[in-house]
Structures are given as C-alpha cells and as structure tokens.
Amino acid sequence: MKVAVEGCCHGELDKIYESISYLENKEGVKVDLLLCCGDFQAVRNEGDMKCMAVPAKYRQMQTFYKYYSGEKKAPILTIFIGGNHEASNHLQELPYGGWVAPNIYYLGYAGVVRFRGVRIGGLSGIFKSHDYKKGHFEFPPYNQESLRSVYHIRNIDVFKLKQIKMPVDVFMTHDWPRGIYHYGNTNQLLHKKKFLRQEVESGTLGSPAAAEILEHLQPSYWFSAHLHVKFAAIMQHQAKNNAAPKITKFLSLDKCLPHRDFLQIVEVADRPGSSEHLEYDPEWLAILKATDSLQKPSCKFWNPPQNNGLHTRWDFSASEEAMMEVVSDLSGDLCIPENFSLTVPAYDPSHPQPNSHPAYSTNPQTTELCATIGLTDIYAIAGRGGQSFGEEGASGATEEEEDEDNRSTGSVDEPSEYPTDTSVLSSSYNPDEITIEDEWDEVEEGVGCAEEKWTDAVVPEGRVGGQDSDRDSSPSREMAGRLSLPPPCVALRSPLSLSLPPPSNSASLSQGSSEEEGGFTLARVPKRTSGERAGPVSHSGGTPRIKRRNQSIYTAAEDEESEG
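At position 137 of the sequence shown the residue is numbered 137 (the working numbering), and the sequence of numbers has no breaks.
Mixed in with the good hints, there may be bad ones.
As the list claims (entries may be wrong) - Computed beta-carbon distance windows for the label pairs:
1. LYS73 to GLN198: 40 to 48 Å
2. ALA56 to ASP333: 44 to 52 Å
3. ASN143 to PRO352: 22 to 30 Å
4. PRO141 to MET166: 38 to 46 Å
5. ARG313 to HIS277: 31 to 39 Å
6. PRO352 to GLY332: 44 to 52 Å
7. ASN187 to SER328: 49 to 57 Å
8. SER319 to ALA243: 16 to 24 Å
9. PRO75 to CYS335: 14 to 22 Å
10. PRO167 to HIS357: 41 to 49 Å
11. THR312 to LYS246: 31 to 39 Å
Think of the hints as simulated: they come from the structure by calculation, not from any bench. Think of the CB as a built atom: it goes at the ideal place given N, C-alpha and C, for glycine as much as any other residue.
Let the hints inform the model, and build the full structure from the sequences given.
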C-alpha cells in the first residue's frame with residue numbers, strides 16, 4: 001500500500017492533503033494512509049492554543065479545527081503521534097489513543113494499531129532525562145514547567161513497548177533514535193544542519209530511549225521528524241536466535257513549508273485479505289491491561305520492575321491467553337469504533353473568543369475503552385489530584401535542567417538507565433528551531449531544493465498544474481512514479497547498542513551515500529496554493545540561511561522554548 005509520511009505537521013492539514021492530492025493526480029497513484037511524525041497541533045479552539053508550548057505570537061489557529069468541527073473530513077486515513085508543540089490538553093484526553101477528528105487517529109502516549117495487516121506503532125513526545133522517570137502527572141491549567149514536561153516521554157511507556165514480542169512493521173517517534181545518524185550520510189546532514197555537529201561528534205544527538213526501542217523492536221521502517229531536515233539511513237541489526245539480521249529503513253522529514261522536504265510516499269507491503277478498517281492490536285491491548293497497575297499519575301520517580309530479586313513480576317509480555325482475553329472483551333471485533341465526538345466547542349471564525357480559557361474534560365472514547373478491557377483513565381486520575389500534582393511538578397526540574405531543556409535538541413540521556421551512553425549537557429543551538437518561526441523569514445541560498453537530486457518533497461515555483469510544476473526531469477524524478485522501496489544496497493555489520501555506534505563502514509557511507517540509496521523512493525510535492533508569499537530564492541551556492549528581521553523577539557522573555 002502507498003503510505004504518505006509527513007514530518008512536522010504544525011497544523012497545516014489543508015496544505016498537506018492538497019500536496020497529497022497533487023501527487024496522486026500527477027503520478028497516477030492512490031495514497032492509502034498518511035503518517036504524521038509529531039507537532040500535529042490538534043487545536044480545537046482558542047483555549048487549546050494556550051496549552052501549546054510556543055510563544056503567544058506563534059499561537060495560530062491553522063486548519064485542524066475544520067476537521068474537528070465537521071466542516072471538512074480528512075480524505076485519507078491519518079495516524080499521528082505527538083511532538084513537543086501540541087495542544088496537550090486535547091491529546092491528554094486520549095492516553096491510549098483515539099480519534100481527534102473523523103478519519104484522524106492519535107496513537108496516544110504510546111500505541112500499536114493495525115491497518116491492512118500492517119502493525120504501526122509510535123511513541124509521542126521527546127526525551128528529557130529529568131522527567132523520564134515520572135508519571136503522567138500533568139493536568140491543565142498548566143504552569144510554565146508542566147506546559148513543557150507534559151510532552152516529555154516517560155519510562156512507563158518505553159517499558160510497555162519493550163514488552164512487545166511480535167514483529168512491528170512501522171514505528172514513529174518525533175525525535176530521532178540516538179546514533180541513527182551514523183547509518184546515513186552524516187556529512188550531508190552536517191552540511192545542512194551545522195549546529196548539530198557538536199552533538200553528533202559527542203554521540204549525544206537523539207533519544208537514548210528511542211534507541212532502546214529500536215534495538216528491541218527492529219521494525220522494518222522508522223519515521224521521525226523534530227530536527228526539520230530530511231535524512232535517510234539503513235541500519236542492519238545484530239542477528240538474534242540464529243535468524244537472519246533484520247534491517248530498519250529510517251527516514252526523517254522536514255516541516256510543512258515551501259522548499260522543504262516535508263512529505264514522501266513509500267510503499268509498504270500489506271497483507272492480502274486483511275481488514276480495510278483501522279484495528280486494535282491484541283498484543284498491545286494485552287500489554288496495556290497487564291501494566292495498568294504500574295502507572296501512577298505522580299511526579300515521583302518510578303523504576304520499571306527487573307529480574308533482580310526485588311520484584312515478583314518483571315515480564316509483562318502478552319501470552320496467547322491474555323490476547324484471547326482482550327479479543328473476548330471486544331466481542332471478537334478488533335475494528336476501532338468510529339466513535340469520535342466533540343468534547344469542547346470548536347473554533348468559530350465568526351465569533352472569535354481570544355480570552356477563552358483552556359477546557360479540559362474526559363473523553364468518551366477513553367472512558368469506553370477503559371470500561372471494555374479494564375484500564376485506568378490516568379488523565380481522569382490526574383484531574384482528581386487537582387493542583388497538588390501541578391504544584392509538585394513545578395519543582396520537579398532544576399534551573400539548570402530547565403535551561404538545558406530550552407537549548408537542546410532532545411539529547412540528554414539518563415545515565416542510570418543507559419550505561420552505554422556518555423551523559424553530557426547539550427550545548428548546541430538550533431537557529432531553525434527557536435520557535436515555530438515566521439514561515440516566510442527563511443531565505444534559501446545556493447542551489448534551490450527543486451534542483452538538487454537528493455530532494456524529493458520540494459515545493460517548486462508556480463501553481464499546481466502550471467508549467468513550472470512539471471519542470472524537473474532528473475533521473476530521481478523519473479523514479480517517482482514507481483514509489484517502491486528497493487532492497488538496501490549497503491550492508492552494515494556493526495552490532496547495535498543502545499547508543500547506536502557508527503558502523504564499521506560509516507566513513508565511506510558518510511562520504512558517498514545518497515538519500516536515494518537509503519531505500520526510499522522519491523516523490524515531489526507541489527507549490528503551495530494558499531496564496532501565501534514566499535521569500536526570494538538565491539542560487540549562488542551554500543546552505544539555507546535564516547533571515548532574522550526581528551532578532552529582538554528571539555531574546556524576549558517569552559521566547560525561551562527552543563526544543564524544535
């Protein structure tokens with residue numbers, strides 16, 4: 001089946017669906033599924049915008065509310081995970097996943113579902129060591145600390161994912177698994193994002209928790225975003241149990257902006273005869289049920305049970321009997337019910353309410369799922385704790401940790417749980433991720449994206465259907481119509497550890513590997529048709545340059561968030 005993969009959504013649903021429609025018409029294909037890798041921004045109204053960790057000037061309604069209200073319906077089944085710029089009060093209603101709008105499904109803090117027999121999993125948020133061992137204690141209204149900690153991943157969710165034993169086909173995270181940059185064209189990455197060099201060279205770029213999940217699950221495909229750059233890699237895992245070593249094809253994409261690689265179509269083999277509906281995954285539901293008593297909505301640190309003589313149980317993987325039990329709980333019907341309903345009023349452009357306060361309520365979808373298979377609605381429990389949880393959370397991060405949280409790209413590890421990693425504070429500064437910046441403040445320098453062979457999801461000049469939209473005839477462009485994933489052409493022999501060390505042939509790979517060699521096909525995206533004005537494009541050579549017309553804004557007190 002044809003799967004469209006999108007990087008950081010940033011609320012631009014209309015433009016993403018328009019781009020997919022253009023590709024379908026241009027290439028004569030039909031996209032079956034859209035996967036979004038975070039920063040989705042499911043903002044329903046003005047109150048939700050106040051629950052996003054971005055400065056006030058960047059809180060914009062965008063277009064999701066149209067799909068929430070029923071004004072529009074997503075033309076393609078869409079599955080997404082959370083990032084670090086989200087309407088957190090909305091997503092917290094669905095800790096185990098659910099519909100945020102008709103045909104748009106959120107995977108929850110962590111989740112696995114099935115579509116056409118393909119197992120699709122994901123982990124929402126980004127990694128920060130000082131919140132990693134806490135529970136999901138946050139509840140609106142958020143303070144300045146909990147507004148950020150709410151999207152930091154927790155070890156309870158990683159522990160659940162590590163109970164999975166059956167193969168997973170596709171996995172999504174917002175930030176990258178630590179060390180994955182060693183398995184692609186590292187030199188090209190650092191050419192495009194020079195500020196990442198220190199973390200790459202010190203081995204601290206990315207999430208150690210995601211690296212741990214990658215080592216455990218070894219999925220066929222892994223999609224990410226967060227760093228606002230396209231990067232492809234192929235990783236061959238260490239063989240297990242005398243079986244052939246598995247290969248993971250990694251792809252990270254940019255945010256939805258003109259001249260950016262934000263969208264790519266790949267072909268994933270589905271299983272003939274499987275359901276055409278989105279389905280629950282029995283193994284995952286059994287794991288949720290088994291681990292329900294472990295999760296506490298508290299900011300106190302929690303360590304997962306281990307086989308060290310201190311715990312009566314440490315293995316929470318799903319037995320066949322446990323999976324049959326959840327299937328029985330669902331009366332044998334694994335299809336996820338299309339039971340979306342509005343929980344707060346939708347934004348009304350004719351009656352704006354800029355002073356409205358954030359709304360929060362339990363979600364009937366979560367209530368129904370919890371009652372059906374015997375889970376706890378941890379959001380409701382956190383709500384009953386009231387301000388006590390919020391006040392505890394306010395003192396959870398030290399001043400040093402908060403400063404690091406604002407500067408890094410999600411790279412500080414937890415040494416007590418990741419002994420193979422070097423624990424250092426990130427000092428890299430990402431000028432492209434200070435905030436969700438003004439889209440048209442970016443001036444391209446050097447060869448335009450539309451003319452570089454390694455790009456695929458670019459936004460060429462000219463309107464859809466115009467002359468310019470058909471101007472590229474490069475060999476990579478000719479490949480786009482096939483939209484298939486060829487076998488990997490690079491064999492990586494280095495065994496995997498939690499920090500994903502560089503493969504033995506990483507030097508040559510960094511020098512010569514291209515993104516086409518990463519095993520992903522090319523597909524170009526049309527010029528936006530929203531009528532917005534793009535900045536000028538220079539073709540003099542070099543890398544993208546950020547135009548700082550309002551530099552004082554970036555040093556203002558409100559603009560302290562720099563996590564991407």
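Right, here's what the structure says about each hint:
A C-beta distance of roughly 45 Å is found between LYS73 and GLN198, which places it inside the suggested range of 40 to 48 Å. Between ALA56 and ASP333 the Cβ separation comes to about 45 Å, which falls inside the hinted range of 44 to 52 Å. Distance hint for ASN143 and PRO352: a CB-CB separation of about 26 Å, consistent with the stated range 22 to 30 Å. Distance hint check: the CB atoms of PRO141 and MET166 are about 41 Å apart, consistent with the given range 38 to 46 Å.
A hinted range of 31 to 39 Å holds for the C-beta pair ARG313 and HIS277, which are about 34 Å apart. Between PRO352 and GLY332 the Cβ separation comes to about 47 Å, which falls inside the hinted range of 44 to 52 Å. Taken as a hint, the range 49 to 57 Å holds for the pair ASN187 and SER328, whose Cβ atoms sit roughly 54 Å apart. A hinted range of 16 to 24 Å holds for the C-beta pair SER319 and ALA243, which are about 22 Å apart.
Between PRO75 and CYS335 the beta carbon distance is about 20 Å. The supplied range of 14 to 22 Å therefore holds. PRO167 and HIS357 have their C-beta atoms about 45 Å apart, which keeps the hinted 41 to 49 Å range intact. Between THR312 and LYS246 the beta carbons are some 33 Å apart, a value that agrees with the proposed interval 31 to 39 Å.
Checked against the numbered hints above, the structure breaks none of them.
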